[in-house]
Amino acid sequence: METDSVKLLIVRASPYAMRAILALEAKGVKYELIEENLSAKSQLLLESNPVYKKIPVLLHGGKAIPESLFIVLYVDEAWPERAAFFPKDPYARAMTHFWGDFIDKKIFQLAVSTMKTKKGDPNKEAGVSELYENFLTLESGFTQLDAKPFFNGAGIGYADICLAPLAAWLRVFVELAGIRVPTAEEAPKLHKFLSAIREHPATKVAFPDPDELLSYVILHLKKTMAA
Amino acid sequence: MAAEDVKLLSFWASPFAMRAILALEAKGVKYELIEETLNPKSQLLLESNPVYKKIPVLLHNGKAIPESLVIVLYVDEAWPERAGFFPKDPYARAMIHFWSDFIDKKIFEVAFRAAKAKGEEKEAALKELYDNFLTLESGFIKFDAKPFFNGSSIGYADICLAPFVAWLPIFVDLAGIRLPTAEEAPHLHKFTGAIREHPAAKVAFPDEEKLVAFSRILLHRWASST
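Chains as they are written, first to last, in this note's numbering: chain A, 1 to 227; chain B, 1 to 226.
Rather than coming from a laboratory, the hints here were simulated on the basis of the structure. Ideal Cβ positions, reconstructed from N, Cα and C, are used throughout, including at glycine. Do not rely on the hints blindly, as some may be mistaken.
So the derived list for chain B, only partly shown, Cβ under 10 Å to chain A, looks like this [said to hold, decoys possible]:
| id | residue |
| --- | --- |
| 1 | S48 |
| 2 | K54 |
| 3 | H60 |
| 4 | L69 |
| 5 | Y91 |
| 6 | F133 |
| 7 | S138 |
| 8 | A182 |
| 9 | V203 |
Computed cross-link-like contacts, DSSO-like style, restricted to lysine-lysine with a CA-CA straight-line distance of at most 30 Å [to be verified]:
| id | chain 1 | residue 1 | chain 2 | residue 2 |
| --- | --- | --- | --- | --- |
| 10 | B | K210 | B | K27 |
| 11 | B | K210 | A | K63 |
| 12 | B | K146 | B | K63 |
| 13 | B | K106 | A | K106 |
| 14 | B | K63 | B | K127 |
| 15 | B | K118 | A | K192 |
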């Protein structure tokens, strides 16, 4: 079953697609990247993810798995023999899920919605403040799971993969959403994580060129906010 | 290892607390239910869930697990010897997670949005919810639900959806929510019928009259705050 072909439908700029790539790279799985044009979605994408019609979608031997976090879960379980993304203990596993969900909702979703809010709208500043607090809360998560520097220890796991695309998108969020990140004194574990993830071999593959990313997002935002 | 001190910080009307109770009942775990008043929140709640300060929170030998879906996952793994909540195949497991997330975001969240909204916004949410139920039907079909996603016994996705059935009288009678008919969504209707009969639901679901009375107050509060 593991020798079936693996394809990943993506858009290079998407932080969610980056999670899927990181998971496959961490497991050493061979895969083919298929870049989608979101203004002209392929038949393959529409058929593979009929519910949401979004990337990323993992195609493994004809099976289609959508939604970045479930792709990461699936990759962990379909290739269980190496680089486990979760600890063994049920409580630590539950808290890994908890922090992964916090990262998704209270960091990424909030950062993206803050970015899309027009300048001058009070919700934008409220989003920036809330996000700052959430970064401080995340610090307690690193502590709870005894991150060294990753939640998963020396290797990256579920929560790390969930958070990692922040390292690629941070400059975009700061420049386009005006987000403020706590300093290295206020959030030492977060900063250690970001440094370590930038050096990780998997991100050299998963993260696009930073200038290209910024240009892409600016263009895309202009389109969506003009709509 | 798993025999011992299990407490659940709960609120009787909360659909999220109901998920945690269903999970514990399905596994046959002995637990103590601690009913929170929520106003004010207890010291135990604030300490057990400092991030969100919400119920439900499961306390197992002093360890605190918040968030209903995380609790259900934990219960499945802490008491693995019976009543497994997931299939064994990785693809089926991933799709159980997918449908549970869909249930959470596209059924529950949209239903509460429809209940709180007025006018055009309400109509749009009601239409969206109706379509989402039809999409959910496709999920039941993919899993060949008999009548549960998990087969003849309840699992993760079933536990996720089940409290909607407890809230159905409120959603339909008080919030104007429309469900597809039994012809349009036969699996959904079989599910709701089967859940009502499930012994775990008899424990987890509150008295319908009490819930209707409570929700009248809630809806009134929502209406006057907009």
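Hint-by-hint comparison with the structure:
Interface restraint check for S48(B): the shortest CB-CB distance to chain A comes to about 12 Å, outside 10 Å, so the restraint is violated. Because the smallest distance between the Cβ of K54(B) and any Cβ of chain A comes to about 12 Å, over 10 Å, the interface hint for this residue is violated. The criterion of a C-beta within 10 Å of any C-beta in chain A is met by H60(B), whose closest approach is roughly 8 Å, and the hint holds. At its closest, the beta carbon of L69(B) sits 8 Å from a beta carbon of chain A; the interface hint therefore holds under the 10 Å criterion.
The restraint placing Y91(B) at the interface with chain A holds, with a minimum CB-CB distance near 5 Å, inside the 10 Å limit. A distance limit of 10 Å between C-beta atoms decides the matter here; for F133(B) the minimum to chain A is near 13 Å, and the interface restraint is violated. The closest approach between the C-beta of S138(B) and any C-beta of chain A is roughly 8 Å, which is under the 10 Å cut-off, so the hint is satisfied. The interface hint given for A182(B) is broken, as the beta carbon of that residue sits about 23 Å from the closest beta carbon of chain A, more than 10 Å.
Because the closest C-beta pair between V203(B) and chain A is about 23 Å apart, greater than 10 Å, the hint is violated. Taken as a hint, the K210(B) and K27(B) pair is honoured in the structure, with Cα atoms around 27 Å apart against an allowance of 30 Å. At roughly 45 Å between alpha-carbon atoms, K210(B) and K63(A) are farther apart than 30 Å, so this suggested pair is violated. Using a Cα cut-off of 30 Å, the hinted pair K146(B) and K63(B) is violated, with the two alpha carbons roughly 35 Å apart.
A distance of roughly 19 Å separates the Cα atoms of K106(B) and K106(A); the hinted pair therefore holds under the 30 Å criterion. Restraint check for K63(B) and K127(B): the C-alpha separation of about 42 Å exceeds 30 Å, so the hint is violated. For the given pair, K118(B) sits about 48 Å from K192(A) by alpha-carbon distance, which is inconsistent with the 30 Å threshold.
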